[in-house]
Amino acid sequence: MAQDKLLKIHNLHKSYGDLEIFKGLTLSMDRGDRLVIIGPSGGGKSTLLRIVMGLEDIVGGDIYMDGKPYILRDGAKTKIDRKLQARVGMVFQHYTLFPHLDILRNLTLAPVKTRGMSRAEAEEKAMGLLTRFGLDAKAHAYPSQLSGGQKQRVAIARALMLDPDLLLFDEVTSALDPELVAEVEAVMMELAEAGMPMMIVTHDMHFARNIASRVVFAAGGVVVEDGPPEQVLDAPQVARTREFVERVFAKKR
Amino acid sequence: MSYDLQFFYVWQNLDKLGQGLVVSLELTGLANLIGLTLGFGVALLLRAKSALLRAPAAAMVEVFRCTPVLVQVVWFFYCVPILFNLFIDPMVMGVLALGVNLAAFNAEGYRAAIQSVPREQYDACAALGLTGWTRIRHVILPHALRAALPVLMTNGITIFQQSALVALVAIPDLMYAGKMLATETYRPIETYTVVAAIYFAISAPVSLIVQRIEARFDRVQA
Numbered sequence: 001m002a003q004d005k006l007l008k009i010h011n012l013h014k015s016y017g018d019l020e021i022f023k024g025l026t027l028s029m030d031r032g033d034r035l036v037i038i039g040p041s042g043g044g045k046s047t048l049l050r051i052v053m054g055l056e057d058i059v060g061g062d063i064y065m066d067g068k069p070y071i072l073r074d075g076a077k078t079k080i081d082r083k084l085q086a087r088v089g090m091v092f093q094h095y096t097l098f099p100h101l102d103i104l105r106n107l108t109l110a111p112v113k114t115r116g117m118s119r120a121e122a123e124e125k126a127m128g129l130l131t132r133f134g135l136d137a138k139a140h141a142y143p144s145q146l147s148g149g150q151k152q153r154v155a156i157a158r159a160l161m162l163d164p165d166l167l168l169f170d171e172v173t174s175a176l177d178p179e180l181v182a183e184v185e186a187v188m189m190e191l192a193e194a195g196m197p198m199m200i201v202t203h204d205m206h207f208a209r210n211i212a213s214r215v216v217f218a219a220g221g222v223v224v225e226d227g228p229p230e231q232v233l234d235a236p237q238v239a240r241t242r243e244f245v246e247r248v249f250a251k252k253r
Numbered sequence: 001m002s003y004d005l006q007f008f009y010v011w012q013n014l015d016k017l018g019q020g021l022v023v024s025l026e027l028t029g030l031a032n033l034i035g036l037t038l039g040f041g042v043a044l045l046l047r048a049k050s051a052l053l054r055a056p057a058a059a060m061v062e063v064f065r066c067t068p069v070l071v072q073v074v075w076f077f078y079c080v081p082i083l084f085n086l087f088i089d090p091m092v093m094g095v096l097a098l099g100v101n102l103a104a105f106n107a108e109g110y111r112a113a114i115q116s117v118p119r120e121q122y123d124a125c126a127a128l129g130l131t132g133w134t135r136i137r138h139v140i141l142p143h144a145l146r147a148a149l150p151v152l153m154t155n156g157i158t159i160f161q162q163s164a165l166v167a168l169v170a171i172p173d174l175m176y177a178g179k180m181l182a183t184e185t186y187r188p189i190e191t192y193t194v195v196a197a198i199y200f201a202i203s204a205p206v207s208l209i210v211q212r213i214e215a216r217f218d219r220v221q222a
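In the order they appear, the protein sequences are chains A and B. All residue numbers for the first sequence refer to the numbering used here, where the first residue is 1 and numbers rise by one. All residue numbers for the second sequence refer to the numbering used here, where the first residue is 1 and numbers rise by one.
Looking at chain B on its own, in the form it has when it is part of the complex (with noise of 0.2 Å):
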C-alpha cells in the first residue's frame, strides 16, 4: 500500500473543524443539562412509593438503555415530526435525543448513588430529630450527589461522543464538518484521523479526572 498522507490540506481546514467542534460542545452541554435536571428527576421518581410513578420512569429508563442512540437519534430526527407534528430546529432534535438518552443513564446513576447511602445515616439523622427536607438537603442529597460524581462524568463525556451520531441528520457538528472536509479535499483517512485526535483530546482529560475522583472517594471510604 502506498498511500501519501498530506495534513496540509486538514491544517489548512482547520477552522472548520474548530467550528464543528463549537457545535459538537454546545450539544453535549446542553444534553448535560437536560440529562442532569430531568434525570434527577426520573431518580425521584424511580425511588416513589407510587407504582403508578416508578413504572413510566422505568420504562423510560429501559428503552433508552436498551436501542441504540443511533436509532433513538434517526427516531426524533424523523418520527417525531410527522408523529406529533411537530417541526422544529434540527439542533433542538439533536439536544432533546441526546439530553434525553442522557437522562436516562444518569437516573439510574442517581437511584444507585442515593440507595447507596448507608440505612446507618438515616438512622444518625432520626437520632439527631433531622427529618424531611433537612435531612435530603443536609445529609442524603450531599453524599448521594459525591457517589453519582463519577458515573455523571462519565455519561456526560460519553454523551460528548455520541454527539457525532447527529451528523447523520445533517447537524453540522465536529463530526459533520470532518465528513465535508473529506468530500472537499478527497483526504478522508487525514481529515477522520484528526477529527478522532479532537474528540480524545477533550474526552481523556475528562476519564483523568474521574478516575482521580474514584480514588479519592476510595480512599475516605477507607
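Excised from the complex, chain A in its bound form (with noise of 0.2 Å):
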C-alpha cells in the first residue's frame, strides 16, 4: 500500500540487564527520509540501528516495513522476517571488510551465495560500482591494502550489491583520520542524492545537517524531537534537545 512507512518503529521496548535502553520509543520514516539520530552517548542510537538490522533482541514493541511486520516480540524471543531483513542493509564503524577475501568477492560473496546471483553477473555489478567509487583499480586488492577511507567506501559497495531498500550507517566516519572523512560523505551524500533512503548515526553535525531531511533527538529511551534539521538543530523546540545541541555546537568552537 502506498500509504504505508517504509518502516515504523512502535513502542520499542530493550534493555541489556537492568539497563534500559529504550522504554517505548516510537518512530517512523518514509522512502523519501533520510534520517540522522542524534543523541548522548549511551543513549542507545547504535542500538536502535543494530535492532532494526536484526542484529538484537528486543523486549517489546514492534517493527513494520511497508506496513508488514518485521520485528516483534513474541512471547519470550524476538521473531524477524528474514525476508524482510535480506531488505536492510548495515555499514558498520569498523568497516568489517572480510580480510581473507580481495575487494572484489568481498563484495560477491552475499549475493552469489544468498541470492543465487551468478558469479559473471556480480562481478559486473561490483565493478560497477567500484568504478562509480572511484576503487576500480582496487578490486582485486586485500582489505589490508586499504586505507580507512577506501575500507569504508568498500563497506557502502558491498551493502549496495543487494539493492537495499533502508541503509543504516552507524558512525561510519569515527574511525577514520580526518582527511579520509570527506570521501566517505562524499559517497553517502551522491547516495542521498540518488533518493536512497537512510537511517544515520553520526557525531558530525555539520554532515547531519547537510545530508538529513529529518533529524532525530533520542534520549532517555525516547524520542524527544523529530524535525527537519533546521528545526533540530537550529531551533530545538524542546529544552532537553536545545540544551543537548547548544553543547556539542560549544564543544565544536
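Some hints here could point you the wrong way.
[Stated by the list, open to error] If you want the ones that stay clear, here's a sample from chain B, every Cβ over 10 Å from chain A, calculated:
| # | residue |
| --- | --- |
| 1 | W11 |
| 2 | Q19 |
| 3 | V22 |
| 4 | L53 |
| 5 | A58 |
| 6 | T67 |
| 7 | P90 |
| 8 | M91 |
| 9 | A201 |
| 10 | R212 |
[Unchecked claim] List time: in silico DSSO-like cross-link candidates among lysine-lysine, alpha-carbon distance up to 30 Å:
| # | chain 1 | residue 1 | chain 2 | residue 2 |
| --- | --- | --- | --- | --- |
| 11 | A | K113 | A | K83 |
| 12 | A | K5 | A | K83 |
| 13 | B | K49 | A | K83 |
| 14 | B | K49 | A | K79 |
| 15 | B | K49 | A | K113 |
| 16 | A | K77 | B | K49 |
None of these hints come from the bench; they were simulated from the model. Built from N, CA and C at the ideal position, the CB exists for glycine as well.
Build the complex: two chains, separate frames, hints provided.
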C-alpha cells in the first residue's frame, strides 16, 4: 500500500540486564527520508540501528516494514522476518570487510551465495559500483592494503550489492582520520541525492545538517524531538534538545 | 678430559639413521593427520552448546595437556592392550598415542582461533544474509584457520621431537636407530650429537616459517 511507511517502530523496549535502553520508543520513516539520529552517548543510537538490522533481541514493541510485521516480540522470543531483513543493509564503524577475500570477492560473496546471482553477473555489478566510487583499481587488492576511507567506501558498495531498500550507517566516519572523512561523506551524499532511504548515526553535526531530511533527537529511551534539521539543530522546540545541541556546538567552537 | 671424537663410525652408518628418520617422519605425518582432523572435531565439541558434549572434550584436552607425553606413550603401549585386550602393531600404537596427544593440543589452538574471530564479522554476515554453513565455510573458518596456522604448525613440529619418546617402546625411529648405533659403535657422544643435529635440521626451518607467518599476520592486522 502506498500510504504505508517504509519503516515503523512502535513502542520499542530494549534493555541490557537492568539497564533500560529504550522505554517505548516510537519512530517512523518514509521512502524519501534520510534520518539522522542524534543524542547523548550511551543513549542507544547504535543499538537502534542494530535492532532495525535484526542484530539484537528486543524486550517489547514491534517494527513494521511497508506495513508488514518485520520484528516482533512474541512471548519470550524476538521474531525477525528474514525476507524483510534482507531488504535492509548496514555499514559499520569498523568496516567489517572480510580480510581473507579481495575487494571484488568481498562484494560478490553475499549476492552469489544468498541471492543466487551468477558469479559473472555479480562481478559485473561489483565492478560498476567500484568504478562509481573510484575504487575499480582496487578490485583485486585485499582490505589490509586499503586506507580506512577506501575500506569504508568498499563496505558501502558491498551493502549496495544487495539493493537494500533501507541503508543504515552506524558512525561510519568515527574511526577515520579526519582527512579521510570527506571521501566517505561524499559517497553518502551521492546516495542521498539518488534517493536512497537512510538511517544515520553520526557525531558530525555539520554533515548531519547537510544530509538529513529529518533529525531525530533520542534521549532517555524515547524520541524527544523529531523534525527537519533546521528545526532540531538550529531552533529546537524542546528544552532538552536545546541543551544538548548547544552543548555539542559549544564543544566544536 | 681426553675424549677423542670419532665421527667416522657414525658417517659409515648414516643409512641406519636415515631409516630411523623415515620412521620418525612417518610417525609425525600420521600423527599430524590425526591431530589436525580429530583436533578440529574436538574443538567443535568444546564450543558445543550442550554441556554433555563439551565436558568429555574438555576432559580429554586437560588429561592430555596435563600429563607427560612419555607417560601417555607408555600407557598406550602397556595399558591399552591389557585393559581393552587389544594387541596391534607398535607403529599404529605410536601413531595413535602421538596423534591423540596432538589432537588435544590442536583442539585448544582451533578453539582459541575460532574465538578470536571478531564479533563484528558475525554482524557483517548477518547484515548480508550470510547464515549457517555459508557463514562458517566462507567467513568464520578461513578467518579461524589463518589464526590457527602458526599454532598448528608449532604443535605439529613439536610432535616430531616428541616422537623420539616412542624409541622407548622399541619403535625403530631415529632415536631408536641412534641408540642401537651408539651401543654398536661405543660412540654415544658422536651418535647422539648427529641425531640431535638431524632433529634440529628438520625442526628449525619449520619454526622459521612460523615466525614469518606470524610477522605477516601482525602486518595484516595493523
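Hints and how they fare:
1. With 10 Å as the threshold on Cβ separation, the claim that W11 of chain B sits away from chain A holds: the shortest Cβ distance comes to roughly 48 Å.
2. Once the 10 Å rule is applied to beta carbons, Q19 of chain B is consistent with being away from chain A; the minimum gap is 42 Å.
3. A cut-off of 10 Å between C-beta atoms confirms that V22 of chain B is not in contact with chain A; the least separation is 36 Å.
4. For L53 of chain B, the shortest C-beta to C-beta distance to chain A comes to about 24 Å, beyond the 10 Å cut-off, and the non-interface label holds.
5. For A58 of chain B, the condition that its CB be more than 10 Å from all CB atoms of chain A holds, with the nearest at approximately 28 Å.
6. Here T67 of chain B stays apart from chain A, with its beta-carbon at least about 37 Å from theirs, past the 10 Å limit.
7. Every CB of chain A is more than 10 Å from the CB of P90 of chain B (nearest about 42 Å), matching its label as outside the interface.
8. The claim that M91 of chain B lies off the interface holds: its Cβ sits roughly 38 Å from the closest Cβ of chain A, which is beyond the 10 Å cut-off.
9. No Cβ of chain A approaches the Cβ of A201 of chain B within 10 Å, the least distance being about 33 Å, so the stated non-interface status holds.
10. At roughly 16 Å, the least C-beta separation between R212 of chain B and chain A is larger than 10 Å, which holds for a residue marked as non-interface.
11. A C-alpha spacing of about 15 Å is found between K113 of chain A and K83 of chain A, which places the hinted pair at or below 30 Å, so the restraint holds.
12. Of the pairs offered as hints, the one joining K5 of chain A and K83 of chain A holds, with about 17 Å between alpha carbons and a cut-off of 30 Å not exceeded.
13. A threshold of 30 Å between alpha carbons decides the hint, and for K49 of chain B with K83 of chain A the separation of about 27 Å falls inside it, so the pair holds.
14. Distance hint between K49 of chain B and K79 of chain A is fulfilled; the C-alpha atoms sit about 21 Å from each other, no more than 30 Å.
15. With a C-alpha separation of about 27 Å, the suggested pair K49 of chain B and K113 of chain A falls inside the 30 Å cut-off, and the hint holds.
16. This hinted pair checks out: K77 of chain A and K49 of chain B have alpha carbons roughly 18 Å apart, not beyond 30 Å.
Of the numbered hints given earlier, the model fails none.
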